[in-house]
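Sequential numbering from 11 applies to the sequence shown in my numbering.
It should be emphasised that the hints constitute simulated quantities derived from the structure, not laboratory data.
Among the hints, a few may not be true.
Mimicking DSS-like on lysine-lysine, the simulated pairs with C-alpha atoms at most 25 Å apart in a straight line are [claimed, not checked]:
no.	residue 1	residue 2
1	97	114
2	101	81
3	81	200
4	81	114
5	114	101
6	200	114
Taking CB as the label site, the calculated pair distances span [what the hints assert, rightly or not]:
no.	residue 1	residue 2	range
7	90	140	44 to 54 Å
8	41	170	37 to 47 Å
9	190	51	26 to 36 Å
10	153	176	38 to 48 Å
11	172	148	19 to 29 Å
12	189	44	35 to 45 Å
13	182	115	17 to 27 Å
Positions of the beta carbon are idealized from the N, C-alpha and C atoms, including for glycine.
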Amino acid sequence: MPHSATPAGFTGFPAAALDFLHGLAEHQRREWFDAHRQTYEQDVRAPMIALVEALAPLLRRRRIPLLAEPKLALFRIHRDVRFAADKRPYKTHAAAAFTRSGAKMDPGMLYVHVDPLGCFAATGFYRPPPDALRALRRALVERSDDWRAVLAALRRAGHVLEADEDALQRVPRGFEQVDDPGLRDWLRWKSFIVLRRLGEDEIADPGLPALLAEFASQSMPLLRFGWELVDRVRSETSPPSAP
Numbered sequence: 011m012p013h014s015a016t017p018a019g020f021t022g023f024p025a026a027a028l029d030f031l032h033g034l035a036e037h038q039r040r041e042w043f044d045a046h047r048q049t050y051e052q053d054v055r056a057p058m059i060a061l062v063e064a065l066a067p068l069l070r071r072r073r074i075p076l077l078a079e080p081k082l083a084l085f086r087i088h089r090d091v092r093f094a095a096d097k098r099p100y101k102t103h104a105a106a107a108f109t110r111s112g113a114k115m116d117p118g119m120l121y122v123h124v125d126p127l128g129c130f131a132a133t134g135f136y137r138p139p140p141d142a143l144r145a146l147r148r149a150l151v152e153r154s155d156d157w158r159a160v161l162a163a164l165r166r167a168g169h170v171l172e173a174d175e176d177a178l179q180r181v182p183r184g185f186e187q188v189d190d191p192g193l194r195d196w197l198r199w200k201s202f203i204v205l206r207r208l209g210e211d212e213i214a215d216p217g218l219p220a221l222l223a224e225f226a227s228q229s230m231p232l233l234r235f236g237w238e239l240v241d242r243v244r245s246e247t248s249p250p251s252a253p
């Protein structure tokens with residue numbers, strides 16, 4: 011079912027966007043990219059910019075503290091291969107992120123991923139900094155009732171946490187005495203993410219920004235829980251102000 015149309019020029023990602031990304035996966039050469047650059051700019055990058063511009067006011071209207079500005083929110087199509095074993099020069103997906111500061115790597119985000127292998131939106135905390143991750147893990151134990159209330163709120167909205175494929179093999183040091191099986195599993199995780207898979211019909215729908223705003227709203231229990239801990243860590247580690 012189509013969602014209500016959204017202003018700011020977003021008309022959906024055309025089929026050519028996924029076709030381009032599929033072709034880029036097969037032709038990881040600068041010559042191919044340059045020959046198809048107009049398709050990238052018109053059918054991939056421009057719709058992603060329009061999506062960011064359309065979604066931002068919807069989030070403000072719902073008082074969801076997630077910001078984005080196209081120059082900061084969009085991820086570059088070029089891969090950073092300086093220290094990578096994989097030297098392919100181009101990413102084969104398009105993506106953008108909304109965070110409280112607008113900076114892509116600020117903990118706690120709404121992330122949008124357009125990919126011929128599967129499109130999705132995600133909210134939560136992906137690989138937060140070590141001090142924030144330690145605070146999250148402590149809160150799972152010390153505030154387990156609050157944590158379970160977050161999970162219950164997500165379930166009522168039809169969401170569950172995505173299992174972390176990169177989880178530790180063992181419970182991290184300092185938490186060995188925790189005997190609750192559920193808590194022990196969560197303590198091994200490095201990311202706490204809710205995933206909303208998007209069909210090709212949904213990314214092509216002009217109502218995608220409204221869908222994403224609703225998803226972000228449903229994810230707020232998780233985001234608020236994590237942001238409270240991130241802010242506490244920052245306040246504890248920030249240098250004292252000058253007298």
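Cross-check of the supplied hints:
no. : hint                  : in the structure
1   : 97 - 114              : holds, 23 Å
2   : 101 - 81              : holds, 18 Å
3   : 81 - 200              : violated, 28 Å
4   : 81 - 114              : holds, 10 Å
5   : 114 - 101             : holds, 17 Å
6   : 200 - 114             : holds, 18 Å
7   : 90 - 140: 44 to 54 Å  : violated, 22 Å
8   : 41 - 170: 37 to 47 Å  : holds, 44 Å
9   : 190 - 51: 26 to 36 Å  : violated, 52 Å
10  : 153 - 176: 38 to 48 Å : violated, 24 Å
11  : 172 - 148: 19 to 29 Å : holds, 22 Å
12  : 189 - 44: 35 to 45 Å  : violated, 59 Å
13  : 182 - 115: 17 to 27 Å : holds, 22 Å
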